[in-house]
Amino acid sequence: MKYTIKKLFSTLMTLIVVSLCVFLAFNVLPGDPAIRMLGLEASDELIEQTRAAMGLNDPLLVRYFRWFIAFLQGDFGTSYSYKVPVAGMLLNKIPITFSLGIIAFILTVLISIPMGIVTAKYENGVLDRIITVFNQIIMAIPPFFSGILITFIFGMILKIFTPGGFVSYKDDFFGFIKYLIFPSFAIAFPKIAMTVKMLRGNLIDEAGKDYARTAYSRGNNTNGVLYRHVLKNAMIPVITFLGMALADMVAGSIVVEQVFSIPGISRILLTSISNRDYPVVEAIIMGIAIIVIVLNLLVDIIYRIIDPRIRIDD
Amino acid sequence: MIKRRIMKKKGTSILMVVLTTLTVALSGCSSDKAGDSANSSNTTATSTDTATSTQTDADASAKADGNATTTDDLSKLIVGIPQDIDGLDPHNSTGAGTREVFYNIFEGLVKADENGNLNPAVASDYTISDDATVYSFTLRDGIKFHDGSAVTVEDIKYSIERNMGVDGSEPLIRAYSKIDSVNIVDDTHVDIVLKEADSDFLTQLTVAIIPAANEHPDTTPIGTGPYKYVSNSPQENFVVTRFDDYWGEKAYIKDVVFKIESNMDAIVMDLEGGSIDMMARVTSTQANQLSDKFEVYEGTMNLVQALYLNNDVKPFDDVKVRQALCYAVNPQEIMDFVSDGAGTEVGSAMFPAFTKYYMPELNDTYNTDIDKAKELLTEAGYPDGFEFTITVPSNYGQHVDTAQVIAEELKAIGVTANIQEIEWNSWVSDVYSDRKYEATVVGIDASTLSASALLSRYVSDAGKNFVNFKSEAYDTAYANAQATQKDDEKTKFYKECETILSEEAASVYIQDLPEFVVLNKKFTGYKFFPLYVQDIAAIKPAN
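Top line first, the protein sequences correspond to chains W and X.
Oh and the first sequence: position 260 is 260 in my numbering, straight run, nothing missing.
For my numbering, count along the second sequence from 1 and bump the result up by 314.
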């Protein structure tokens with residue numbers, strides 16, 4: 001109980017700090033949202049009237065608390081540049097960015113875990129060496145560059161997908177998923193490489209420990225020791241990593257959505273920043289912060305399920 | 315030990331979250347070229363050109379067959395637009411990019427055509443009283459809104475009054491403060507009465523006529539244009555379909571999707587791959603990379619690109635210094651470097667599309683003459699030149715390139731120009747609003763089809779006079795032009811204004827930038843307008 005309250009409190013504090021940072025950042029940045037909305041030809045009187053109507057003339061803290069209280073009540077405000085409620089606008093975009101992150105995550109898990117096991121099992125074998133070398137290279141390629149490479153190879157040369165040919169999930173769900181697979185790979189590649197390297201190292205590490213030798217002496221064969229004993233222990237840090245990686249993938253989609261022209265949350269975020277549309281920016285940043293916090297929490301919980309040695313005092 | 319490590323992780327997790335989100339926010343601010351140019355068009359004071367001339371290798375060798383499902387279907391046209399629509403209410407959307415799309419959906423009492431004439435639209439006819447204070451309109455017979463209802467004179471009154479800000483609020487359009495009243499004469503006639511004479515006021519009446527009965531103009535746009543609104547999705551697309559009850563010549567293409575192309579580097583790939591059929595304002599580099607599947611239309615952007623000088627700061631408060639810069643800068647050299655020689659030279663604050671007012675002879679006021687420039691500088695007291703800063707919005711590649719050529723050219727007369735690239739929002743607040751700058755390179759376009767749209771900003775006390783130009787002779791000439799009702803006299807006074815700007819060297823006028831529009835050869839019929847407009851109704855299948 002105490003733990004839960006503490007956790008909730010720290011979550012709230014984090015959100016307040018994050019939202020305040022965004023608010024302050026916008027206060028420092030040049031650019032007046034009213035001019036942004038009305039254009040350079042607008043009269044000073046109209047700009048002043050609009051600023052007053054938008055509440056931009058109030059002191060910073062007044063504006064902040066007004067926004068924060070509305071946010072707690074579930075009112076995210078109205079977008080300055082689209083003049084529609086932020087919540088409804090983002091709701092349509094969330095499935096896009098989430099699908100991207102989830103497909104990338106599934107790809108990462110499906111590819112990296114078997115590869116990690118194989119490389120550890122046949123340590124220093126030919127396959128292991130080849131994969132390790134490739135891993136090093138892939139880890140060094142940032143998603144935006146692999147995105148450009150993928151577009152060029154699969155889009156322009158092999159013509160497996162049409163660059164920029166994004167279709168909405170509302171119009172054609174299969175086409176939507178199909179288009180997202182390549183961008184997902186761009187996000188997943190570096191994560192796959194890191195996970196493989198990590199799992200391989202952990203497995204080799206754990207296999208050298210006393211309990212593994214004991215397991216052998218009790219008559220287990222290699223596979224038995226690996227899957228029943230070593231893998232479980234080796235997975236714990238990997239799960240932490242994957243949890244953080246999932247959060248990172250949502251953030252990683254910012255660049256990849258640009259490269260692949262995907263109209264998801266990240267593209268809205270970028271354009272809203274240059275439009276000084278801070279109701280939208282605040283809502284998205286808060287969303288990202290909440291996702292990161294929730295994923296952290298999930299990692300903690302999974303931790304405790306997998307490894308009974310870990311107990312957090314109540 | 316594990317426990318300790320976990321506790322420690324928690325302590326840092328808050329920091330992690332803050333840092334991650336801040337990184338996200340700040341990485342958005344560091345000027346992403348494509349994103350910025352996509353969004354900086356919320357203005358009439360700069361050109362919305364494609365931002366960058368650098369291309370990825372991927373684009374450079376991009377060649378592909380149109381294998382998309384949509385391109386073979388000639389009843390559908392996908393138009394790439396560089397920025398999103400800023401709201402669906404035509405009266406509250408100021409973005410130049412929004413105006414060019416809305417041209418197809420909304421119409422005013424009058425409507426501009428490709429030659430710069432204003433033709434009757436919602437009104438079938440109009441008369442202007444001799445003293446230019448009463449504008450009388452006849453409602454077009456049988457004209458309908460997209461929802462099928464008939465347009466009434468009440469709708470016209472409502473639309474005009476909405477822009478006037480009747481309930482004591484500020485007018486949405488500056489010029490509408492001149493309107494005294496909108497009077498319904500009978501079921502088919504409306505009079506717009508002005509407080510003072512203005513023979514140019516017709517140019518302001520292209521404002522959209524929308525139904526008074528529509529309670530939600532910000533979510534359900536209803537107009538009278540050749541296309542009607544279907545749907546839109548932020549940062550994705552804006553979809554319209556042909557309005558079959560349109561009063562005039564109906565559109566050829568049934569469905570039109572305006573697709574937001576915020577990634578300027580992907581345009582060549584998207585065109586070749588078939589995900590868009592048409593794109594306006596591509597760079598000459600991009601146009602050159604396209605295969606012969608595309609027709610490249612070359613026009614002009616209809617703006618005045620200049621090295622705008624702050625006439626209030628030293629040394630630009632001295633007319634001789636400004637003239638010296640005019641003698642030193644060679645527009646042709648700039649055009650050659652920036653866009654392979656394309657572009658049209660301008661010698662004053664007027665671009666060639668305004669044929670009636672454009673004065674090509676002013677291009678020769680200052681033919682490049684380094685000796686003369688040096689002489690003028692010596693007379694002004696700067697025999698060894700001086701140093702100044704050109705502030706350029708970084709998202710406009712052509713303006714940045716131009717500034718670089720100018721800096722090179724000025725070295726010949728011993729003047730050092732430092733180039734400072736700033737983000738668009740900073741430009742708006744520092745240069746345009748606060749006028750804290752020495753020189754800047756941008757393009758200024760016209761928001762209406764009137765010469766005053768370009769010339770009014772040079773009046774000494776004008777709010778838009780960001781170059782701080784001051785000349786009594788100019789103020790008089792401009793006032794005369796506004797006062798007279800005779801067209802030839804008006805033109806004469808406007809030309810006098812242009813001549814003064816040229817002789818006083820208000821700024822170093824350079825060119826009207828070239829505009830390249832690419833259209834898939836399956837379609838034809840693209841027309842350039844002297845305003846910021848894409849007339850999709852004129853585009854038809856090639857065969």
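Rather than coming from a laboratory, the hints here were simulated on the basis of the structure.
Since we're looking at a predicted model, the values are computed, not measured.
Backbone N, C-alpha and C define an ideal beta-carbon position, used for all residues, glycine too.
Each hint should be verified, as a subset may be incorrect.
Unchecked claim - Reference excerpt, derived from the structure (chain X facing chain W, CB under 7 Å, subset only):
hint, residue
1, Asp558
2, Asn577
3, Met583
So, going through the hints one by one against the coordinates:
1. Against a cut-off of 7 Å between C-beta atoms, the interface hint on Asp558 (chain X) is violated, since the closest Cβ of chain W lies about 23 Å away.
2. For Asn577 (chain X), the suggested interface contact is upheld, since its CB lies about 5 Å from the closest CB of chain W, less than 7 Å.
3. Against a cut-off of 7 Å between C-beta atoms, the interface hint on Met583 (chain X) holds, since the closest Cβ of chain W lies about 5 Å away.
The structure fails hint 1 only (numbered hints given earlier).
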